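Chains A and B are the protein sequences, given in the same order.
At the far end of the first sequence sits residue 476, using the working numbering, and the numbering has no gaps.
At the far end of the second sequence sits residue 476, using the working numbering, and the numbering has no gaps.
It is worth saying that the hints were derived from the structure and are not from the lab.
None of the values given here were measured: they were computed from a predicted structure.
There may be inaccurate statements among the hints.
One copy or two, it doesn't matter: identical chains are merged, so the pair holds either way.
As the list claims (entries may be wrong) - Below, computed lysine-lysine pairings styled on DSS-like, alpha-carbon distance capped at 25 Å: (1) K157 <-> K167; (2) K237 <-> K447; (3) K167 <-> K437; (4) K58 <-> K221; (5) K439 <-> K376; (6) K191 <-> K437; (7) K157 <-> K439; (8) K437 <-> K157; (9) K157 <-> K447.
Next come the chains, spelled out residue by residue.
There are 2 protein chains.
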Amino acid sequence: MKNYVIKGNICYSKTREELCITENGYIVCEGGRCAGVYETLPEEYETLPCYNYEDKIIIPGLVDLHVHAPQYAFRGMGMDLELLDWLNTHTFVEEAKYADLEYAEKAYDIFTEDLKNSATTRACIFGTIHTEATLLLMEKLEETGLKAYVGKVNMDRNSPKYLCEENAEKSVKDTEEWLMKSQRFKNIKPVLTPRFTPSCTDELLERLSGLQKKYQLPVQSHLSENLGEIDWVKELCPGTACYGESYDRYDMFGNNCPTVMAHCVHSPEKEIEMMQRQKVFIAHCPESNANLSSGVAPVKKYLEKDMKVGLGTDIAAGSSLSVLKAMVTAVQCSKLRWRLYDQSVLPLTMEEVFFMATKGGGEFFGKVGSFEEGYELDAVVFDDSKIKHPQTLSVKERLKRLIYLADERNITAKFVDGQVIFREN
Amino acid sequence: MKNYVIKGNICYSKTREELCITENGYIVCEGGRCAGVYETLPEEYETLPCYNYEDKIIIPGLVDLHVHAPQYAFRGMGMDLELLDWLNTHTFVEEAKYADLEYAEKAYDIFTEDLKNSATTRACIFGTIHTEATLLLMEKLEETGLKAYVGKVNMDRNSPKYLCEENAEKSVKDTEEWLMKSQRFKNIKPVLTPRFTPSCTDELLERLSGLQKKYQLPVQSHLSENLGEIDWVKELCPGTACYGESYDRYDMFGNNCPTVMAHCVHSPEKEIEMMQRQKVFIAHCPESNANLSSGVAPVKKYLEKDMKVGLGTDIAAGSSLSVLKAMVTAVQCSKLRWRLYDQSVLPLTMEEVFFMATKGGGEFFGKVGSFEEGYELDAVVFDDSKIKHPQTLSVKERLKRLIYLADERNITAKFVDGQVIFREN
Numbered sequence: 052m053k054n055y056v057i058k059g060n061i062c063y064s065k066t067r068e069e070l071c072i073t074e075n076g077y078i079v080c081e082g083g084r085c086a087g088v089y090e091t092l093p094e095e096y097e098t099l100p101c102y103n104y105e106d107k108i109i110i111p112g113l114v115d116l117h118v119h120a121p122q123y124a125f126r127g128m129g130m131d132l133e134l135l136d137w138l139n140t141h142t143f144v145e146e147a148k149y150a151d152l153e154y155a156e157k158a159y160d161i162f163t164e165d166l167k168n169s170a171t172t173r174a175c176i177f178g179t180i181h182t183e184a185t186l187l188l189m190e191k192l193e194e195t196g197l198k199a200y201v202g203k204v205n206m207d208r209n210s211p212k213y214l215c216e217e218n219a220e221k222s223v224k225d226t227e228e229w230l231m232k233s234q235r236f237k238n239i240k241p242v243l244t245p246r247f248t249p250s251c252t253d254e255l256l257e258r259l260s261g262l263q264k265k266y267q268l269p270v271q272s273h274l275s276e277n278l279g280e281i282d283w284v285k286e287l288c289p290g291t292a293c294y295g296e297s298y299d300r301y302d303m304f305g306n307n308c309p310t311v312m313a314h315c316v317h318s319p320e321k322e323i324e325m326m327q328r329q330k331v332f333i334a335h336c337p338e339s340n341a342n343l344s345s346g347v348a349p350v351k352k353y354l355e356k357d358m359k360v361g362l363g364t365d366i367a368a369g370s371s372l373s374v375l376k377a378m379v380t381a382v383q384c385s386k387l388r389w390r391l392y393d394q395s396v397l398p399l400t401m402e403e404v405f406f407m408a409t410k411g412g413g414e415f416f417g418k419v420g421s422f423e424e425g426y427e428l429d430a431v432v433f434d435d436s437k438i439k440h441p442q443t444l445s446v447k448e449r450l451k452r453l454i455y456l457a458d459e460r461n462i463t464a465k466f467v468d469g470q471v472i473f474r475e476n
Numbered sequence: 052m053k054n055y056v057i058k059g060n061i062c063y064s065k066t067r068e069e070l071c072i073t074e075n076g077y078i079v080c081e082g083g084r085c086a087g088v089y090e091t092l093p094e095e096y097e098t099l100p101c102y103n104y105e106d107k108i109i110i111p112g113l114v115d116l117h118v119h120a121p122q123y124a125f126r127g128m129g130m131d132l133e134l135l136d137w138l139n140t141h142t143f144v145e146e147a148k149y150a151d152l153e154y155a156e157k158a159y160d161i162f163t164e165d166l167k168n169s170a171t172t173r174a175c176i177f178g179t180i181h182t183e184a185t186l187l188l189m190e191k192l193e194e195t196g197l198k199a200y201v202g203k204v205n206m207d208r209n210s211p212k213y214l215c216e217e218n219a220e221k222s223v224k225d226t227e228e229w230l231m232k233s234q235r236f237k238n239i240k241p242v243l244t245p246r247f248t249p250s251c252t253d254e255l256l257e258r259l260s261g262l263q264k265k266y267q268l269p270v271q272s273h274l275s276e277n278l279g280e281i282d283w284v285k286e287l288c289p290g291t292a293c294y295g296e297s298y299d300r301y302d303m304f305g306n307n308c309p310t311v312m313a314h315c316v317h318s319p320e321k322e323i324e325m326m327q328r329q330k331v332f333i334a335h336c337p338e339s340n341a342n343l344s345s346g347v348a349p350v351k352k353y354l355e356k357d358m359k360v361g362l363g364t365d366i367a368a369g370s371s372l373s374v375l376k377a378m379v380t381a382v383q384c385s386k387l388r389w390r391l392y393d394q395s396v397l398p399l400t401m402e403e404v405f406f407m408a409t410k411g412g413g414e415f416f417g418k419v420g421s422f423e424e425g426y427e428l429d430a431v432v433f434d435d436s437k438i439k440h441p442q443t444l445s446v447k448e449r450l451k452r453l454i455y456l457a458d459e460r461n462i463t464a465k466f467v468d469g470q471v472i473f474r475e476n
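The whole structure should be built from the sequences, with the hints applied where relevant.
Here it is, written out as structure tokens:
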């Protein structure tokens with residue numbers, strides 16, 4: 052059933068500055084796509100079935116542009132280190148467990164269930180190096196009805212023996228096998244996932260680039276997150292002018308290769324220009340960047356340059372799977388960056404983080420993240436009545452409050468690409 | 052019933068570095084006070100009734116050293132301004148409503164209910180200038196069984212007409228009347244609450260100091276939160292060497308006057324020395340300081356000087372009433388301060404924020420915030436089994452994870468001063 056009407060208080064972004072609110076309005080869904088938002092329902096749609104959410108708040112589904120599914124198992128723990136030590140001490144040890152499908156099954160059940168119940172409708176997800184466990188994750192996600200890109204991770208150097216692929220050839224062979232097996236999924240699509248430059252030999256990146264071209268795949272990876280990491284990449288790639296170039300020289304940095312890079316906290320001007328020109332998506336992960344003492348990305352600057360920016364939770368360097376919390380943390384961190392470090396880059400507004408969490412990140416998936424005409428209909432309905440208040444609030448006040456205070460308990464219904472994922476009553 | 056045993060996994064601080072964990076241990080409560088933590092229950096206590104929380108996690112009740120009860124009504128809203136504009140635009144407008152007791156009743160019911168259900172057992176609370184509404188707040192809090200200091204706010208200058216007391220004399224007369232009426236409460240005690248120096252004439256502070264001495268009252272206020280505020284105090288108090296002196300010259304800054312000052316983000320060395328010498332408590336409010344772009348207090352430095360430091364949620368400049376969240380935010384903000392601003396002050400550890408949230412802030416209430424012998428027994432029992440995990444975790448791992456991920460849904464029981472506040476089954 053992909054033709055229907057949803058009624059309620061409708062909030063969505065047109066641009067990063069323009070937040071549109073239609074009180075007691077109607078979203079029309081035709082064939083899974085948005086056919087417009089109306090204050091009064093046009094006659095031609097009156098016969099369509101209507102999900103009536105009356106006084107509730109309806110926003111586009113949230114987009115998590117960067118999340119590591121296997122790391123969900125140790126969220127909230129091991130926050131005492133910076134990136135490289137954190138990877139070696141906590142992360143790689145955990146990811147190695149996914150060689151065991153029984154463990155993967157238990158862990159991915161928990162991740163998938165929580166993601167389904169959250170306000171997230173789309174995500175770019177890292178798996179592990181393990182083909183079978185990654186397919187299992189995709190299968191579980193497929194069943195939820197959510198849409199996501201999932202990547203089997205590639206890493207063939209500078210990784211502990213128990214989590215290092217034999218060589219570039221074997222890594223790519225496994226990846227191609229995984230790609231073939233991934234074709235059975237409808238909602239979940241594969242994304243090439245070289246972990247980050249330090250984990251990938253030149254040969255591996257070159258071969259992955261071959262796969263990218265052969266199958267027209269998108270790519271996700273990490274970029275300029277931590278100062279120690281950036282120095283290391285400089286050593287590893289002596290010919291490059293910036294970290295971004297280590298991907299770009301293998302044609303995996305935007306242009307004809309849809310790319311999302313997590314972090315970009317310390318990107319130099321040259322890298323920023325390249326990302327802008329080549330339309331590389333930035334997954335801004337504020338909680339992760341605080342937890343690992345990485346810093347704060349100059350996000351307002353990226354937005355002002357009309358670069359492609361969305362939000363990522365970056366589980367488990369971020370502790371929370373909630374993109375609502377990522378929105379709040381993004382604003383808070385941008386204020387501290389402004390106050391403590393650089394008054395030339397202004398703090399983010401609520402309108403801007405709402406845009407990033409919806410239409411900004413959604414663009415990586417196509418026409419996603421807004422209720423404008425032609426957008427795939429992803430929607431989340433919030434019942435904020437349990438967040439008690441002594442007086443009447445405007446819809447905009449309720450929306451702002453909800454971003455700070457709501458969690459999965461306040462979600463009444465969720466739609467992805469026009470399909471109902473769940474709904475109360 | 053104030054003699055009993057609580058069984059479970061017991062976690063508490065002895066010092067800011069030493070987190071004690073007794074797995075499957077026993078806390079003995081005698082006459083409302085802790086008589087020791089034991090791995091094996093001594094024979095003499097075997098006949099006492101036992102609350103058996105088996106595999107759950109038990110920590111001391113959390114202490115919120117700074118929270119504005121009337122502002123709870125607009126938490127999560129109006130986060131687009133710095134302190135002084137935020138006060139004028141959002142805060143004063145809201146606080147004025149508490150002249151209406153019907154509104155106060157509705158609003159304070161919501162605040163009190165949420166505080167009761169939280170992990171907080173003790174709090175230092177600001178009311179408004181209104182005597183009756185503040186008494187109403189105290190009455191509602193008294194019924195919960197929680198222990199708290201509550202202050203009727205004093206402000207007789209630089210405040211909008213609708214929220215400004217007539218003059219110093221009237222302000223103090225009302226305050227004394229409120230003090231008299233407060234005597235009927237057992238758990239809830241009055242605290243003198245000059246809002247902050249900009250809102251209080253010299254005459255008012257002098258008269259309040261008289262009340263302080265007459266009734267031996269503690270004092271709470273704000274200090275060195277925001278750069279604009281600090282400049283303003285400098286103008287208002289030309290004779291003072293630092294903001295702290297504006298309270299100290301009226302003997303309301305530690306020594307014989309138990310004092311808690313919120314924020315201390317930008318305290319100069321002289322002020323820090325004075326706070327250290329005079330044992331002034333600092334309420335560190337990290338979320339508030341981020342939301343209002345105030346900055347980050349150098350908390351590690353305060354701890355290393357053995358100063359008195361606890362945590363505050365500072366509703367509604369902070370959006371969350373959860374001291375657990377304040378702990379996480381304190382660590383995150385200290386990391387960003389270290390990375391972005393000043394590498395001479397190290398980030399906070401989980402052990403340190405746990406200490407601040409319990410024994411550090413608890414000291415303002417006496418022997419509170421630990422399970423060491425002689426401490427008043429405040430305890431919160433967490434059932435973290437709903438925070439699913441694919442493998443076995445140590446109690447310490449579970450505690451860390453709980454601090455990041457738990458909320459009121461995970462609280463099974465709560466004790467204050469040996470009394471049961473609530474408990475499941």
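Okay, the hints, checked on the actual structure:
no., hint, verdict
1, K157 <-> K167, "within (16 Å within a copy, 35 Å between copies)"
2, K237 <-> K447, "neither (36 Å within a copy, 42 Å between copies)"
3, K167 <-> K437, "both (21 Å within a copy, 16 Å between copies)"
4, K58 <-> K221, "neither (53 Å within a copy, 54 Å between copies)"
5, K439 <-> K376, "both (19 Å within a copy, 20 Å between copies)"
6, K191 <-> K437, "between (31 Å within a copy, 20 Å between copies)"
7, K157 <-> K439, "between (36 Å within a copy, 10 Å between copies)"
8, K437 <-> K157, "between (32 Å within a copy, 14 Å between copies)"
9, K157 <-> K447, "between (40 Å within a copy, 22 Å between copies)"
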